[in-house]
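Trainee: Start from the sequences and build out the full structure, keeping to the hints where you can.
Position 77 of the sequence shown, counted from 1, bears residue number 182 in the numbering used here, the numbering being contiguous throughout.
Hints were generated in silico from the structure; no laboratory data involved.
Heads up, a few of these hints could be off.
Stated by the list, open to error - List of simulated lysine-lysine pairs, PhoX-like, C-alpha gap at most 25 Å: (1) Lys513 <-> Lys500; (2) Lys288 <-> Lys314; (3) Lys544 <-> Lys597.
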Amino acid sequence: MKLMKLSKKCTALLVAGLMMAATIIPKQDAYASMTSGSKFLGNVIGNSIPSDFGTYWNQVTPENASKWDAVEGTRDSMNWTAVDSYFNYAKQNNYPFKFHTLVWGSQEPNWIKNLSKAEQQEEVLEWIKAVGSRYSTVDIIDVVNEPLHAKPSYKDAIGGDGETGWDWVIWSFTQARKYCQGKLLINEYGIISDTNATNQYIQIINLLKERNLVDGIGIQCHEFNMNYVSVSTMKTNLDKLAATGLPIYVSELDMSGDDSTQLALYKEKFPVLWEHSGVKGITLWGYIEGQTWKSNTHLRNTSGTERPALQWLKSYLKDSLTPTPTPTPTPTPTPTPTPTPTPTPTPTPTPTPTPTPTPTEGAIPKVSVTTQLGSSVNQQYTITSVGSQNLDLSKLTIRYYYTKTSTKSQSFWCDNAGLQLNVSPWYVNLASGVKGTFKDGYLEITFDTTYSMAPNSGSLNLGIRLAQSDWSAYENLVDKGYEVYYNGTLVK
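Mentor: Written as structure tokens, this is what we have:
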């Protein structure tokens, strides 16, 4: 929802102790913080770039300029002028740029409705290729916008419902993955306030995720939802989304009211979004009076004065030294890591438990992991209880072994940790209880929680990252596998 026709702590309000105030952090530092896993706080650019944009925001989304009908209102006649301007502005200032959007039924060119299905598919593919070619260094792309509410007229030309019910969405992401760079997002409204919509959204997300087609989840948080949703409902839906293991991006945030009402809304609800460990960036949908799509959602008056909500937002981010409740990054205890795991236990999982009395005979954890190695290490763990007794997570330990040549200190983050259960309470957020400690040659992951998983009751889905504390790339990084312990006994 964002029709103007209907219409990631300084400058740029970022995490890692940044502040939004008169002082502006170096833009290069701001972008480095965002790309290293910190949150950004961005905004849209409408008809022109505001002179004070960089005073408040450090991420750019075109409000309308990059929608298909705005670029190609006449068939085969592309007007990139405004998009180029905003894209170049973002790149010159090291702000992440999001292209909004590729496939969306509400603002598609009128001429495409009259074409044959074959021609429609050809034109959609031509559009996606053109975006990918022109903006090869784009950071984020909204591939499909509002699939639940605004399906395109050409849906049947690009797969229709198909066997999955969402083949047209899968087709769109498949083409975007093939021809575009940057993180691929899906985007939808009504999610933050509607658990049923969230569940349906997650079904689509999982279809894309299992095909490795989606990199993040976009949720619009407009005033018609945010003004009325409860904090508890917000947290429930954010936790559900985070349990997918994908980062969440609040893509279109605004809240409306007179000064006192808007201030109260921001105080109550903005921290719920900003402090959630799964949320990696927030983009507001306008901030200047007379230039927002809904009245009384602006944060700055035409006179240049800041409304109380903006004043509070600056203060909140200034005082929030740690914007997410994830554990404090843990420094490496010794400057020189050993090249291989300590000899006992060996880094290669042993086929049988040690002969000591085994408390795992009744409670047995089953763990699988997907690891991505690059400048940092990203892992997704799935943990289930497959024994005959409840699995006490406080007794569970995972050791991840790896080697590297660098002697620099390291940091650990838990991006998400959620129990997805098939029995009540259905979902439990455990992110704040996940601890990571660097040992000689391995990372040890433990769980500070009293929760026990009943056998075959669901799974604990865990997303963690480790990186060198100065954000430089690991040198000669080698994955050596992992071991699982329960109550001190090796089980894998």
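Trainee: Each hint should be assessed against the structure and marked as holding or not.
Mentor: Structure-based check of all given hints:
1. Lys513 <-> Lys500: Not OK: Lys513 and Lys500 at ~30 Å, beyond 25 Å, violated.
2. Lys288 <-> Lys314: holds (13 Å)
3. Lys544 <-> Lys597: Between Lys544 and Lys597 the Cα gap is close to 19 Å, so the pair holds against 25 Å.
Checked against the numbered hints listed earlier, the structure breaks hint 1 alone; every other hint is satisfied.
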